[in-house]
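Enquirer: Chain by chain, the residues:
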Amino acid sequence: MARNAAKKTGGAAQGSGGMGLGLGAGMLGFVTAVIVIPAVAALLIVGLAPTIASWLANQSPNRKNQILTVLAFNLAGILPYLAKVMQSPRGLNLVMEITGDVFSWLVMYGAASAAMIMLLAAPQVAALVLQMMAHDRLKSIATAQARLVDEWGEAVSGETAED
Amino acid sequence: MYNCSEPLDKRYTVAFTDRLAELDSPGARAFAAKNSEDPDESVYALVQERGVPLRLDVLEALMEEPVDFLSSPLATGLTTIDSPTGEVERLVIIVTRPPGPSLARGWDASRGSIDQFIKGPFLGSVALALNGLQQNEMPHRAIRPGNIFFAGEGHDGVVLGECFSAPAGSGQPDVFEPLERSILPPDARGEGDQAADMYALGVTVLALFLGETPGEGRGRTEMFHARLSHGSFWALTASKQLPGSLSTLLRGLLNDDPEERWDLRDLIQWVDGHVPQRASGLANWSLSRPVKFSGNTYSDRRLLAEAFAGHIGEAATFLREQDFVSWVQQVVASESMSDRIERLIGIGSDADIGGETSADEALVAKFCMFLDPTGPVRYRGLLLSFDSIGQALASAEKNGRQDGVDAITELLSGGLMVALLEIAETRNATARASGDQIRAVTARAGKKGPGMGIERVLYDLNPALPCQSDRFRGGWAGSVGGALKALENGLASLPQGAPMLDRHFMAFCIGRDKALARTFTALAHPNVDGAQAAVMMLELFGSLQISEKTGPLKNLSSRLADQAKPVFKTFRNRRSREELAARLTGLAAGGDLARINREIAFSRAKAEDNRAYALAQARFAELTRLRLKLEAGITGSDPDAQRFGAAGASFIGFIVLSVTALAVFAGG
Numbered sequence: 001m002a003r004n005a006a007k008k009t010g011g012a013a014q015g016s017g018g019m020g021l022g023l024g025a026g027m028l029g030f031v032t033a034v035i036v037i038p039a040v041a042a043l044l045i046v047g048l049a050p051t052i053a054s055w056l057a058n059q060s061p062n063r064k065n066q067i068l069t070v071l072a073f074n075l076a077g078i079l080p081y082l083a084k085v086m087q088s089p090r091g092l093n094l095v096m097e098i099t100g101d102v103f104s105w106l107v108m109y110g111a112a113s114a115a116m117i118m119l120l121a122a123p124q125v126a127a128l129v130l131q132m133m134a135h136d137r138l139k140s141i142a143t144a145q146a147r148l149v150d151e152w153g154e155a156v157s158g159e160t161a162e163d
Numbered sequence: 164m165y166n167c168s169e170p171l172d173k174r175y176t177v178a179f180t181d182r183l184a185e186l187d188s189p190g191a192r193a194f195a196a197k198n199s200e201d202p203d204e205s206v207y208a209l210v211q212e213r214g215v216p217l218r219l220d221v222l223e224a225l226m227e228e229p230v231d232f233l234s235s236p237l238a239t240g241l242t243t244i245d246s247p248t249g250e251v252e253r254l255v256i257i258v259t260r261p262p263g264p265s266l267a268r269g270w271d272a273s274r275g276s277i278d279q280f281i282k283g284p285f286l287g288s289v290a291l292a293l294n295g296l297q298q299n300e301m302p303h304r305a306i307r308p309g310n311i312f313f314a315g316e317g318h319d320g321v322v323l324g325e326c327f328s329a330p331a332g333s334g335q336p337d338v339f340e341p342l343e344r345s346i347l348p349p350d351a352r353g354e355g356d357q358a359a360d361m362y363a364l365g366v367t368v369l370a371l372f373l374g375e376t377p378g379e380g381r382g383r384t385e386m387f388h389a390r391l392s393h394g395s396f397w398a399l400t401a402s403k404q405l406p407g408s409l410s411t412l413l414r415g416l417l418n419d420d421p422e423e424r425w426d427l428r429d430l431i432q433w434v435d436g437h438v439p440q441r442a443s444g445l446a447n448w449s450l451s452r453p454v455k456f457s458g459n460t461y462s463d464r465r466l467l468a469e470a471f472a473g474h475i476g477e478a479a480t481f482l483r484e485q486d487f488v489s490w491v492q493q494v495v496a497s498e499s500m501s502d503r504i505e506r507l508i509g510i511g512s513d514a515d516i517g518g519e520t521s522a523d524e525a526l527v528a529k530f531c532m533f534l535d536p537t538g539p540v541r542y543r544g545l546l547l548s549f550d551s552i553g554q555a556l557a558s559a560e561k562n563g564r565q566d567g568v569d570a571i572t573e574l575l576s577g578g579l580m581v582a583l584l585e586i587a588e589t590r591n592a593t594a595r596a597s598g599d600q601i602r603a604v605t606a607r608a609g610k611k612g613p614g615m616g617i618e619r620v621l622y623d624l625n626p627a628l629p630c631q632s633d634r635f636r637g638g639w640a641g642s643v644g645g646a647l648k649a650l651e652n653g654l655a656s657l658p659q660g661a662p663m664l665d666r667h668f669m670a671f672c673i674g675r676d677k678a679l680a681r682t683f684t685a686l687a688h689p690n691v692d693g694a695q696a697a698v699m700m701l702e703l704f705g706s707l708q709i710s711e712k713t714g715p716l717k718n719l720s721s722r723l724a725d726q727a728k729p730v731f732k733t734f735r736n737r738r739s740r741e742e743l744a745a746r747l748t749g750l751a752a753g754g755d756l757a758r759i760n761r762e763i764a765f766s767r768a769k770a771e772d773n774r775a776y777a778l779a780q781a782r783f784a785e786l787t788r789l790r791l792k793l794e795a796g797i798t799g800s801d802p803d804a805q806r807f808g809a810a811g812a813s814f815i816g817f818i819v820l821s822v823t824a825l826a827v828f829a830g831g
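Chains as they are written, first to last, in my numbering: chain G, 1 to 163; chain C, 164 to 831.
Quick caveat, the hints were computed from the structure, so don't treat them as lab data. Keep in mind that this is a model prediction, so the values were computed, not measured. Virtual Cβ for every residue (Gly too), placed ideally from N, Cα, C. Treat the hints with care, since some could be wrong.
Listed next, with one range per pair, are the computed distances between beta-carbon atoms [to be verified]:
| no. | chain 1 | residue 1 | chain 2 | residue 2 | range |
| --- | --- | --- | --- | --- | --- |
| 1 | C | Asn-773 | G | Asp-136 | 32 to 38 Å |
| 2 | G | Leu-128 | C | Arg-761 | 58 to 64 Å |
| 3 | G | Glu-151 | C | Ser-800 | 44 to 50 Å |
| 4 | G | Glu-151 | C | Phe-814 | 38 to 44 Å |
| 5 | C | Ala-826 | G | Gly-29 | 21 to 27 Å |
| 6 | G | Lys-84 | C | Glu-794 | 51 to 57 Å |
| 7 | C | Ala-826 | G | Asn-58 | 25 to 31 Å |
| 8 | G | Asn-58 | C | Ala-781 | 35 to 41 Å |
| 9 | C | Ala-826 | G | Ile-45 | 22 to 28 Å |
| 10 | G | Val-102 | C | Glu-794 | 50 to 56 Å |
| 11 | G | Met-86 | C | Asp-803 | 40 to 46 Å |
| 12 | C | Glu-771 | G | Leu-128 | 41 to 47 Å |
Some but not every residue of chain C turned toward chain G, in silico, with C-beta under 7 Å [claimed, not checked]:
| no. | residue |
| --- | --- |
| 13 | Phe-783 |
| 14 | Leu-793 |
| 15 | Ala-812 |
| 16 | Phe-817 |
| 17 | Leu-825 |
Isolated chain G (complex conformation) (with noise of 0.2 Å):
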């Protein structure tokens, strides 16, 4: 039990030693990004806004793959203003002009509230699909029982007298 628990409190640093690097590298284009295209930067900064509040709330065993479950469908939301900074000139002035927006908001962050509506969903649907997969498991399953109370009796069940 508690080799156990080591081998999960190491599973867990592995997996924030992994995060922790995606964040290093994200923060670190990120700095650049201020630095080279500042208007980017501060589109970015307003827009993902949901997944970083999801990166800091989320305690579940599923962290992972729920945030990057938000940061793909935020992501999804934000990419088509974020091409139209990278490509017009006026820079801070059109992000200003977006954010003054109440559909960009809309877009960004109803892009986010997707993601977290089908990671309420998904459970639900894995759920359907494994239960329709247990009917075949149950079949296997009674059959190693069978052969192995035709090799050793009742009695390897537990349930009976032994022979």
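Take the given structure of chain G and dock chain C to it, following the hints.
Expert: Then chain C, alone, in the frame of chain G:
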């Protein structure tokens, strides 16, 4: 009609139709024999009796180094014999045949003067033979005219007959035994020593001179009493005219005190014309005051001891009526009654052995030993010396005298023999020499476990005695391997279901190989059932089959395999049960127990079965847990569903991101 299966040592054939009764011994019957490789070699064969212990140490020593003027063994071997009682296995010893007739046939005057013959060739040859034996510290113990033979043509000396096929002294007439052994029965005379040989030589000389056995015509008891009262020399030579020098020789050789008796050096001195100087301090056996007992008056301690032993109840009452310590000090003034001896005799403790009769017997036996410490142990009709317990036990076993066996068992296991030993030790050299051995067997005699008890004592005290197990009456089992082979042959007539091993078999095997004790003890454990015992025997006999090189043991392996099969019922794996039982049946037919153990490996197979069963149980339980879980249904809160859901969502997220990126950047 006897018939021998094959030549012994590949060259000696025994002619069972040609009996040589003159060369018989109490332990063996003699037959003519021939060496096919050297027809001139003069030999004969001794066929040993199964229940009579031979003198193995003497036999082995003489085979290794023959002694001049003594018939020596040349070869030994087991031979299957068609006897009148069926086919039996016996030990046969090929011995050099004495060239001439025995001296018992009488002196032929044409050979010259008997006086000169005794002083010259006779004593010269005998002295050389005894000297050869003495170098190996072996007494002959069969010196008598009937076992001494004239040498062949061209030599006027004699040759001593063999001395290894029967217990020491067993063939001797009473008068040829020293006083302290002459009262003992022939089958319990004890190993004895060189002094006993010198005494027998003295009587032989006297017999040769007289032309008859001394004391012939006088009863056993009468002669014994005469020897006790007057000394053996006077009792045997009474009213006989002896030449002066011969009289001196006989006084020396027939001295009743072994310490004072002439030894071989004295004899050689006498032959050379000198008279050895020996102090003659006869031990004082007189009572200080005559004792009236059972209508007679006794003034000799040894005679009183004999009278007591003949009237146990009366003697016990007599002793208890006395003020014991002061009475003893009055009648036996030569010795003081020490506290130790008083405690050993235990006049006050009647219930020391159990039962009034036994208590009387024990009390009288101990007091007799106090009166006659060089004399025999007298108990419940038994007469034996401290070095003849083994012989007496073997004889009682052989002749089915259960009362004798019981008496010896009681003597040893009740502690009485040790008490007698301690009473006699100070004055009895034989008791001192046998003390350690007696104490060792006493510890085993009272134990009931396998390999213990009186049967173990029998084999410990008779190292050459073959196994006396009822399981193979026709077989000769002189070693553990021999016992195994004899058991193999004996099984053919042993009913199915009858116990294979008896107490004799186990005691014999453990007596010969102490390492077997652990297995035999384990076999007798109450928790070991018949099948487990059979498995243990298979393992034990398998290793013995290799170490003893017994060859195939088909009866044994078939019987043990049948008995061992129920062990497989305890195996959990049904397939293993059937496969192992079938394999065991197949292997048993070959008679190779070691191979059965190697290929079946009962203990390992059982351990493997247990291990695999534990794994199967764990696997079944794991499958049950999984089944129950699946049967309970899977919800969204299930960790698996959560995990798969999150993974699936992230996958969809990246597809959405990729499609969006493609649309934004590629679509322009």
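Enquirer: So which of those numbered hints doesn't the model satisfy?
Expert: 3, 17
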